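Visitor: Residue-level listing of the chains:
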Amino acid sequence: QKEVEQNSGPLSVPEGAIASLNCTYSDRGSQSFFWYRQYSGKSPELIMFIYSNGDKEDGRFTAQLNKASQYVSLLIRDSQPSDSATYLCALLRGYQKVTFGTGTKLQVIP
Amino acid sequence: DAGITQSPRHKVTETGTPVTLRCHQTENHRYMYWYRQDPGHGLRLIHYSYGVKDTDKGEVSDGYSVSRSKTEDFLLTLESATSSQTSVYFCAIGGEGNQPQHFGDGTRLSIL
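Protein sequence lines correspond, in order, to chains D and X. Each step along the first sequence adds one to the number in my numbering, with nothing skipped, and position 80 is 1268. Each step along the second sequence adds one to the number in my numbering, with nothing skipped, and position 102 is 317.
Next up, chain X with everything else stripped away, as it sits in the complex (with noise of 0.2 Å):
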């Protein structure tokens, strides 16, 4: 989808365990997206990315880290991981100029 690759696509672990997501695009795209999904709720933004080393959070950010050492890859860490963030997330790039974004497949993380 978009040149845009998400991994693992399904994960299970323990609370409290550390977890990270990796988004990896060729498309070249200065912003990067991370969003969860869950019912009832529809997506929300996570936190974005302007550039490398340059990051912003979105509304449901606490609990979360990013980090873009690369135009290519973007980063979602979950330090401490709670079953609260059990849940879907998504990738997605582009969105410069009004333009729309492009998701990623998804990874489908359980926290037990």
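Next comes chain D alone, as it looks inside the complex (with noise of 0.2 Å):
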């Protein structure tokens, strides 16, 4: 099992609807958790950070993390084509050891 699993997509949304990115782990003892946005040709841009369980809001953007089941999410309210991009889960595993899925592709379609 990867220790990092998101579905490669493309995730297809219409303008307005909303996103749902999704990401499993297998280490139980991860500690913190991270949503990065990159968009083709550039660098990873923090997106949100979530420590807790639960929900945490950031704008349009929640993340959502449920340690028992061992995931966490990303919502994307009333998407834009600007949301358009690659967004990375990533996770704090150990001392300073942060471990990044391979990332999900968002096409938000006008």
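Relax, there's no trap hidden among the hints.
In silico lysine to aspartate or glutamate, EDC-like type, Cα no more than 20 Å apart, as pairs:
1. D:LYS1285 with X:ASP277
2. D:LYS1285 with D:GLU1193
3. D:LYS1285 with X:ASP253
Hint data in this document are derived by calculation from the structure and do not stem from the laboratory. From a predicted model like this one, the values you see are computed outputs, not experimental measurements.
Take the two lone chains, each set in its own frame, and fit them into one complex as the hints suggest.
Guide: Structure follows, in structure tokens:
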């Protein structure tokens, strides 16, 4: 089992819809969870991070963490074409060791 | 991006030549990292540094060395480049106390 698993996509949603991106992980000792957005040819950009079970909201973005089920998700409300990118899930597994998923490509259709 | 500069941004070189990539930060972060990103593999840690002259290996460190003589600069060296090291290389800073890392703009390296 991969340490961090994401569906590669592409996930296509119409403009204005909610995009739901999911990530599962294998190490129950994982402490912190991050979502990065990466446009084609660009560097990863931090969107959100979450440490505790439950939801964390920031504008149109909501991160959800369920440690018992070992998954973390990112919801994007009112999706815009500018949200089209690859979204990377990452987690902190130990001392300074962050593991990244391979990313989910999101396409928002106008 | 978060006070991180990578140089060069693009480089093409030949197999067997030495290559050095530079990461410069203005944020005074203790931790700095080098990753490579390849299709199907995502971001993989090569080496990281937790202070001047303090470095440690990541999951794909073979064929790479690093040095950090100043807080601001973290160098990644490919002693004898191979075609398998063709990749996009990202430097990152931060990560202290469970905080997220922030990335530089990347270096696209092609080894022919």
